[in-house]
Amino acid sequence: AQSVTQLDSHVSVSEGTPVLLRCNYSSSYSPSLFWYVQHPNKGLQLLLKYTSAATLVKGINGFEAEFKKSETSFHLTKPSAHMSDAAEYFCVVSDRRGTDKLIFGTGTRLQVFP
Amino acid sequence: KAGVTQTPRYLIKTRGQQVTLSCSPISGHRSVSWYQQTPGQGLQFLFEYFSETQRNKGNFPGRFSGRQFSNSRSEMNVSTLELGDSALYLCASSLEYRGAATDTQYFGPGTRLTVL
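Line by line, the protein sequences are chains H and R.
Using my numbering, the letters of the first sequence map in sequence onto residues 42 to 155.
Using my numbering, the letters of the second sequence map in sequence onto residues 1265 to 1380.
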């Protein structure tokens, strides 16, 4: 069975400083992993996904994530936060067989201060 | 290319009523999934449709149902509404059935349902 744990419910950073949103996963099979972002009153937008190609995945808006099998982690990072990055971020796991649904983490709310 | 559209965007119902939500996928996408998002339970998978057939189902009571039409548009229905059904209902479309594993889901803006 798959599960995903987002280690922080809230993260606050200053504009221009690095962002780190942490995610650990559990999967019986080789997982596909995703990060989605949700701005207030909006749907979810895909930031990036990992599907067993390169372990360092680059996404939109300067975000990237590194798949570390030994640590079962898929942390999301960005070198320099922007005010527009303030949103809720979801780490998502899906097994490769595709017979299971997407499992969402509980979300991390990112606040960016000027 | 237009994104996933959901109608209506907001809905207010009373307990015991039923409601139908609609989702139009991205043109060419054949798979549609539905999710419920609440502050307490987070995002939970409801069901997935592909080629007018339900391919996967989450752990929701039978009051929650759905269907998909030949043009890939999908509807979900909730009967005998309860206060706890108040939520944001999100629809997502993908090109193929997620058995492809690498298939990306694109989400609509959601329908916010309030049950009074």
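It should be emphasised that the hints constitute simulated quantities derived from the structure, not laboratory data.
Incorrect hints may appear among the rest.
[Claimed, not checked] From chain R, some residues computed to sit far from chain H (all C-beta separations above 10 Å): (1) Ala1266; (2) Asn1320; (3) Thr1368; (4) Phe1371.
[What the hints assert, rightly or not] Simulated restraints on C-beta separations: (5) Ser50(H) to Arg1273(R): 26 to 34 Å; (6) Leu1347(R) to Thr147(H): 16 to 24 Å; (7) Thr58(H) to Thr1284(R): 32 to 40 Å; (8) Thr58(H) to Ser1343(R): 34 to 42 Å; (9) Arg1294(R) to Glu105(H): 28 to 36 Å; (10) Arg1273(R) to Asp49(H): 43 to 51 Å; (11) Gly1292(R) to Glu105(H): 22 to 30 Å; (12) Ala95(H) to Gly1326(R): 26 to 34 Å.
[Claimed, not checked] Listed next, the in silico DSS-like pairs over lysine-lysine satisfying Cα-Cα at most 25 Å (straight line): (13) Lys109(H) to Lys90(H); (14) Lys110(H) to Lys99(H); (15) Lys99(H) to Lys109(H); (16) Lys1277(R) to Lys90(H); (17) Lys1277(R) to Lys83(H); (18) Lys110(H) to Lys83(H).
Built from N, CA and C at the ideal position, the CB exists for glycine as well.
To see whether the hints hold, each was checked on the structure:
Residue placement check: alanine 1266(R) keeps its beta carbon more than 10 Å from all beta carbons of chain H (closest about 14 Å). A Cβ of chain H approaches the Cβ of asparagine 1320(R) within 10 Å, the least distance being about 6 Å, so the stated non-interface status is violated. For threonine 1368(R), the condition that its CB be more than 10 Å from all CB atoms of chain H is violated, with the nearest at approximately 6 Å. A Cβ of chain H approaches the Cβ of phenylalanine 1371(R) within 10 Å, the least distance being about 4 Å, so the stated non-interface status is violated.
For the pair serine 50(H) and arginine 1273(R), the beta carbons lie near 27 Å from each other, so the given range of 26 to 34 Å is met. Checked against the hint of 16 to 24 Å, the pair leucine 1347(R) and threonine 147(H) passes, with Cβ atoms roughly 22 Å apart. Taking 32 to 40 Å as the suggested C-beta distance range, the pair threonine 58(H) and threonine 1284(R) does not conform, at roughly 46 Å. The supplied range of 34 to 42 Å is broken by threonine 58(H) and serine 1343(R), whose beta-carbon atoms lie about 49 Å from each other.
Between arginine 1294(R) and glutamate 105(H) the Cβ separation comes to about 31 Å, which falls inside the hinted range of 28 to 36 Å. At roughly 31 Å, the beta-carbon separation of arginine 1273(R) and aspartate 49(H) lies outside the given 43 to 51 Å, and the hint is violated. The beta-carbon spacing between glycine 1292(R) and glutamate 105(H), approximately 29 Å, falls within the hinted interval of 22 to 30 Å. Taking the beta carbon of each, alanine 95(H) and glycine 1326(R) are about 43 Å apart, not inside 26 to 34 Å as hinted.
Simply put, lysine 109(H) and lysine 90(H) have alpha-carbon atoms about 14 Å apart, close enough for the 25 Å limit, and the pair holds. Restraint check for lysine 110(H) and lysine 99(H): the C-alpha separation of about 17 Å stays at or below 25 Å, so the hint holds. Simply put, lysine 99(H) and lysine 109(H) have alpha-carbon atoms about 15 Å apart, close enough for the 25 Å limit, and the pair holds. Taking the CA atoms of lysine 1277(R) and lysine 90(H), the gap is about 37 Å. The hint is violated against a cut of 25 Å.
This hinted pair checks out: lysine 1277(R) and lysine 83(H) have alpha carbons roughly 21 Å apart, not beyond 25 Å. The suggested pairing of lysine 110(H) with lysine 83(H) is violated, with an alpha-carbon distance near 32 Å, which exceeds 25 Å.
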